[in-house]
Amino acid sequence: MIPNASDPVELTIFQCAVHSIAEEMGAALRRTALSPNIKERRDYSCAVFDGSGKVIAMGDHMPVHLGSMPMSVAAAIAAIELAPGDIAILNDPYAGGTHLPDITMVLPVFLHGSSAPTFYVSTRAHHADVGGRFAGSMGPAEEIFQEGIRIPPVRIVRGAKLDREMLDLILLNVRTPREREGDLQAQIGACRVGEQRIQQLADKYNPRKLQTLIDDLLDYSERLVRSELRTMPAGEFSAKDWLDGDGVTDIPRKIAVLLRLDPEAGAMHVDFAGSSSQVAGSVNAVRAITLSACFYVLRCLLAEDAPATAGILRPLTLETPEGSIVDARPPAAVAGGNVETSQRIVDVLLRALAQAIPNRIPAASAGTMSNLTIGGVDPRTGEPFTYYETTAGGMGARSGLDGISGVQTHMTNSLNTPIEALEYAYPFRVRRYGYRYGSGGDGEFRGGDGLVREIELLADGQMTLLAERRKFQPWGLQGGEDGEHGIAWVTKAGTTEHTELPGKCSRQISAGDVLRIETPGGGGWGKS
Amino acid sequence: MRIAIDTGGTFTDCVCLAAGQLRVLKLFSTPADPSLAVMDALQQLDAGKGLNVRHGTTVGTNTMLERTGARVAFVTTAGFEDTIAIGRQTRARLYDWFAPVPVCLAPRELRFGVPERVSAEGKILRSPTDEELAALVAAVRDSGAESVAISLLFSFANPETEQRVEAALRDLGIPVSASHRILPEFREYERASTTVANAYLAPRMQSYLLNLEENIAAQYIGGRMDVMQSSGGIVPSRLAAREPVRTVLSGPAGGVIGACQMARWAGFERIIGFDMGGTSTDVFLADASAGGAERTRESVIAGVPIGVPMLDIHTAGAGGGSIARFDAGGMLRVGPESAGAEPGPLCFGRGEKPTVTDANFLLGRLDSESFLGGSVHLDRERTEQMMGQQKGALESAEEFAAGILRVVETQMEKAIRVISVERGHDPRDFTLVAFGGGGPLHACALARALRIPRVLVPAVPGALSAVGILLADVVRDYSRTVMLPGDAIESLAQEFGETKSFAELEQQGAEEFAAVGLRGVPQRTLDLRYRHQGYELNVDFDPQAPAKSIEAFHALHLQRYGFSDAERPVEIVNLRLRMIAAGEHFVPRRSELGIGDGRAAFYVERGVFLDGRFRPTRFFDREKLVPGDRISGPAMITEYTAATLLPPGSSAQVDGFGNLVIAVEDGVRA
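Which chain is which? The protein sequence lines are A and B, in order.
Counting from 1, position 137 in the first sequence corresponds to residue 164 in this note's numbering; the numbering is continuous, with no gaps.
Counting from 1, position 484 in the second sequence corresponds to residue 706 in this note's numbering; the numbering is continuous, with no gaps.
I should point out that these hints are in silico values taken from the structure, not numbers from a laboratory.
No experiment lies behind these values; they were computed from the predicted model shown.
Be aware that one or more of the hints could be misleading.
As the list claims (entries may be wrong) - Calculated pairs, DSS-like style, for lysine-lysine (alpha carbon to alpha carbon, straight line, at most 25 Å):
(1) B:Lys248 <-> B:Lys846
(2) A:Lys236 <-> A:Lys81
(3) A:Lys267 <-> A:Lys231
(4) B:Lys636 <-> A:Lys81
(5) B:Lys846 <-> A:Lys231
(6) A:Lys231 <-> A:Lys81
(7) B:Lys271 <-> B:Lys248
(8) A:Lys554 <-> A:Lys267
(9) A:Lys236 <-> B:Lys636
Said to hold, decoys possible - Which residues of chain A face chain B? A few of them, derived with a C-beta cut under 10 Å, are:
(10) Leu38
(11) Thr39
(12) Gly78
(13) Lys81
(14) His88
(15) Pro90
(16) Ile215
(17) Asp242
(18) Ala335
(19) Arg425
(20) Gln435
(21) Leu442
(22) Glu447
Even for Gly, the Cβ is constructed at its ideal location relative to N, Cα and C.
With the hints as constraints, model all of the structure from the sequences given.
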């Protein structure tokens with residue numbers, strides 16, 4: 028029961044209100060953005076924070092941003108004294124970001140002429156290009172300087188006025204400046220929508236009441252997690268899993284975890300000691316990502332309608348070895364840490380938890396976002412383009428249920444680009460999009476199947492693939508078979524000659540070439 | 223003679239015009255065969271020659287919800303057969319590892335590919351040969367499909383190939399639904415999903431509607447039937463049978479039209495509708511000065527995206543029967559589980575879990591005598607005892623009950639926010655129109671929370687949907703995706719020659735209306751956006767002044783999203799044509815207002831829990847109120863299917879049509 032002041036009714040009302048603000052910001056962003064990755068695929072997150080930067084509501088967008096958005100807000104607060112009407116922008120993974128394409132904006136909300144912000148609202152969106160060596164900024168770089176423009180926390184809007192010089196600096200460093208400008212404008216608009224709604228909400232309460240509600244909301248989330256952890260067996264559970272390689276060499280990289288469950292205290296300790304050191308390639312994750320993965324797993328253990336607030340993390344203690352693949356330091360390249368390593372961290376956590384609560388943990392899902400970026404010049408318009416898309420795979424089977432086929436799992440939930448939107452926006456022709464039948468692992472319950480997608484290029488361009496689970500298949504559980512590994516091919520124009528592509532690579536490809544991606548299936552659950 | 227019949231879960235409501243007045247009849251529904259109650263009602267209303275029945279039906283909704291539709295074959299471009307199942311490749315529940323595996327309406331063995339391709343520009347790159355078409359027809363025949371949906375890539379841009387496939391499949395003698403007819407717009411999944419839903423509903427809806435019309439024609443010479451669509455327009459049953467996906471929200475749509483009409487007569491243009499039933503609550507927003515009720519093309523019905531325009535009815539999973547509980551973290555939750563009619567709330571004597579109805583009852587807000595005419599006994603002792611047992615850490619059963627009401631009202635507030643504030647409307651400019659069993663009871667509290675100044679409880683809250691169906695216009699929507707630059711706007715006003723102009727759509731509409739003896743009036747709008755955006759804003763199009771649409775777009779963008787840019791290129795995405803033939807002209811008689819205080823309707827004074835304590839509250843019988851009567855809160859105004867609560871500080875006046883018009887706050891005139 029609720030031990031402190033706010034009554035449960037008031038708290039529900041407040042929680043619904045702040046959550047709907049985060050959702051509303053997302054809707055505004057989607058409806059006004061230009062790039063297919065934001066408007067069609069919804070690769071963004073919006074959240075509301077209290078005056079100290081603790082997240083109190085997050086829209087149901089991208090789980091990989093759960094733990095890392097607060098770090099952006101913290102970094103912005105630490106670097107800049109934000110005044111009313113200011114908006115901070117940042118993407119530096121070493122100052123509150125995740126990887127460079129994710130650009131975050133933070134707006135402080137000042138109430139009743141108070142001198143310090145009572146809330147912050149924040150939008151983060153994945154931009155389809157932020158410059159760097161590879162079109163789409165997701166290539167096999169070897170240090171962060173090759174991955175694109177790096178933006179520390181700075182003001183993009185000052186006193187409600189756009190800082191045109193700052194914007195021009197950013198736009199000069201990217202391949203598709205017009206699209207970026209439109210998307211950044213949409214992010215600013217979404218922040219302002221959030222600000223307005225927060226101010227309307229705050230009008231209903233006196234400042235002390237507001238603070239009590241915020242505190243109680245965080246306490247509430249904490250109580251939910253602790254009561255869940257109290258039902259678990261005490262003990263230490265360890266697990267490891269592998270990344271195929273870092274994209275520079277083919278050497279597998281290890282992620283290891285030790286999970287200590289303490290039901291008496293309702294607490295969980297997670298230690299990634301034994302994980303690989305940071306690598307030359309881009310699969311390094313900053314600590315924010317590792318924290319997001321833990322946040323996501325804890326959140327999934329709760330009922331579906333539990334609010335995702337900072338309180339969820341209170342029962343967690345997290346150890347990450349400095350300079351490791353789960354807590355990288357500059358100048359490590361990080362583009363893949365956010366999209367690939369994040370999924371593997373979830374896999375490892377689940378593998379450990381499966382020993383403690385076997386019936387509640389699904390087998391491994393695809394474990395890769397199969398990121399594809401293509402950049403070039405559209406012959407129809409003469410304008411540059413950059414395309415980014417992730418292709419879903421199979422979901423791991425569950426006790427009592429097959430896995431779902433061709434669906435985004437764990438750290439992402441972005442949509443596909445409709446083929447009719449894609450071919451209108453880019454010089455491509457999609458030749459095939461369907462299930463990869465039989466790729467899910469067999470078992471009492473079958474893993475979901477992956478997908479097959481074939482794209483024919485109608486222009487020359489640079490293609491970058493960033494994918495995993497080529498060597499190490501998504502594992503089954505409790506006797507279930509592993510899911511099929513992923514694979515990709517390119518067929519040169521006018522030939523039938525297929526060349527298999529490595530999981531992580533960048534290639535020049537020509538008009539008429541056909542690219543085929545087959546994503547991994549999920550693991551099976553139980554002996555068939 | 224025109225009779226409107228709305229078939230609901232419990233009641234079948236009928237309304238007709240007799241001697242210039244609305245006549246209302248309520249029968250119990252016959253869910254096994256809904257047409258039985260319809261035919262019974264016609265008899266009771268002494269229907270005669272030349273009968274025109276207007277029907278609102280739940281057959282479509284129920285077929286979707288219960289998944290009892292046809293075995294549908296899905297035909298698409300070869301290589302894309304699975305896209306109907308993959309959807310947008312997202313999971314519906316972000317943090318749920320045990321989400322059920324979605325079931326596609328077209329199973330794998332019923333998906334077929336055609337070797338063909340059209341480009342984004344509408345150019346045919348590959349056509350199926352006659353042999354390939356014959357093989358397709360044979361395969362579909364052998365599959366045992368009962369209905370077929372065709373949706374080829376880019377068929378909205380060039381329907382030629384899809385038309386060939388359609389013609390070939392017609393030979394099978396089963397219903398054929400083609401996407402370029404059902405929804406000729408871009409985004410292949412949403413278009414295909416809508417087409418498949420149409421095919422899924424077709425056999426059952428067609429036989430229901432056509433049989434019913436046949437029965438009517440057989441019984442009543444010259445009798446025929448029209449059907450209410452989800453978009454709020456009436457179509458002849460023959461057309462409705464062909465595109466049943468357009469009637470999925472037939473019944474609730476009647477409520478929207480009815481509420482709008484009643485409000486307009488009462489003098490209110492901008493309304494938020496609030497229809498609270500047993501398990502769910504429907505809300506919607508309408509501004510008569512801006513074209514009436516809001517419409518959407520992004521509905522999801524029973525998990526299936528449907529892209530045809532529907533009235534934007536937002537449903538919250540809470541109603542009178544919703545169950546209250548404390549979750550593991552100690553938070554009070556209400557719904558979405560409902561006690562339904564069986565076992566029902568605690569106070570009906572069988573339920574074990576507290577519901578919203580019980581909370582209302584415990585707090586004196588349900589009147590045993592007047593509730594359904596006193597036909598249901600309400601058990602106070604049992605309710606008090608069981609609410610007391612389940613109140614958790616709260617002080618008293620009353621506090622628990624008050625908490626339940628605040629939580630449920632918050633959920634409704636949130637639902638109303640979604641359709642109002644979140645879309646840039648200020649609730650202070652609106653009147654809340656409350657109907658359904660629970661609407662009038664919660665309306666004032668909600669209005670206060672949202673700062674809505676006024677509440678209207680219409681004269682026939684129990685038959686509002688049927689009234690709406692009776693009075694609705696005959697409406698058909700046509701659309702076409704054109705993807706033109708903003709500069710091309712002048713060309714849209716041209717006569718024929720340019721296939722992308724409105725002329726072609728208008729011809730189709732005029733022909734369809736003429737076939738049923740109607741003359742339609744065209745209403746033209748455009749979906750515009752800034753170039754490369756993914757979502758459009760809908761603005762009026764005037765062929766005399768095409769450029770005005772562009773100006774209207776900039777203004778609307780500024781209003782909705784906080785910015786606009788006249789320098790940025792605009793794109794014309796869709797042409798939309800709405801053909802309208804006006805419905806029956808009817809204006810109810812307005813009575814002179816007297817000066818009264820409702821004394822003759824007063825029947826008892828009881829305690830009602832308001833603002834934290836029981837306060838003496840006067841109860842009035844609505845049937846005995848007369849125009850002009852003015853009542854101040856705290857008061858309860860009870861009737862057969864509903865009760866209106868006036869909290870302290872509010873006051874109601876009966877208007878010349880018998881509506882209750884409530885000023886929610888002191889000092890604000892209704």
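Evaluated hints:
1. Distance restraint check for Lys248 of chain B and Lys846 of chain B: the Cα-Cα separation of roughly 20 Å lies within the 25 Å cut-off, and the hinted pair is therefore satisfied.
2. With a CA separation close to 17 Å, the supplied pair Lys236 of chain A and Lys81 of chain A stays within the 25 Å bound.
3. A distance of roughly 50 Å separates the Cα atoms of Lys267 of chain A and Lys231 of chain A; the hinted pair therefore is violated under the 25 Å criterion.
4. For the suggested pair Lys636 of chain B and Lys81 of chain A, the alpha carbons sit about 24 Å apart, so the restraint of at most 25 Å is met.
5. This hinted pair does not check out: Lys846 of chain B and Lys231 of chain A have alpha carbons roughly 39 Å apart, beyond 25 Å.
6. The straight-line distance between the Cα atoms of Lys231 of chain A and Lys81 of chain A is roughly 21 Å, inside the 25 Å bound, and the hint therefore holds.
7. Among the hinted pairs, Lys271 of chain B with Lys248 of chain B is consistent with the structure: their alpha-carbon atoms are about 22 Å apart, no more than 25 Å.
8. At most 25 Å may separate the alpha-carbon atoms for a hinted pair to count; Lys554 of chain A and Lys267 of chain A meet this at roughly 22 Å.
9. A distance of roughly 21 Å separates the Cα atoms of Lys236 of chain A and Lys636 of chain B; the hinted pair therefore holds under the 25 Å criterion.
10. Checking Leu38 of chain A against chain B: minimum C-beta separation of about 6 Å stays under 10 Å; hint holds.
11. Because the beta carbon of Thr39 of chain A sits about 5 Å from the nearest beta carbon in chain B, less than 10 Å, this interface hint is met.
12. Checking Gly78 of chain A against chain B: minimum C-beta separation of about 23 Å lies over 10 Å; hint violated.
13. For Lys81 of chain A, the shortest C-beta to C-beta distance to chain B is roughly 17 Å, which exceeds 10 Å, and the interface hint is violated.
14. For the restraint placing His88 of chain A at the interface with chain B, the shortest Cβ-Cβ distance is roughly 8 Å, inside the 10 Å limit, so the hint holds.
15. For Pro90 of chain A, the suggested interface contact is upheld, since its CB lies about 7 Å from the closest CB of chain B, less than 10 Å.
16. With a least beta-carbon distance of about 8 Å to chain B, the hint placing Ile215 of chain A at the interface is held under the 10 Å criterion.
17. With a cut of 10 Å, the hint placing Asp242 of chain A at the interface with chain B is violated, because the nearest CB-to-CB distance is about 15 Å.
18. Given the 10 Å rule on beta carbons, the hint for Ala335 of chain A holds: about 8 Å separates it from the nearest Cβ of chain B.
19. Taking 10 Å as the C-beta cut-off, the interface hint given for Arg425 of chain A holds, the closest approach to chain B being about 6 Å.
20. For Gln435 of chain A, the interface hint holds, since its Cβ comes within 10 Å of a Cβ in chain B; the closest pair sits about 6 Å apart.
21. Checking Leu442 of chain A against chain B: minimum C-beta separation of about 4 Å stays under 10 Å; hint holds.
22. This hint holds: Glu447 of chain A has a C-beta 5 Å from the nearest C-beta of chain B, less than the 10 Å allowed.
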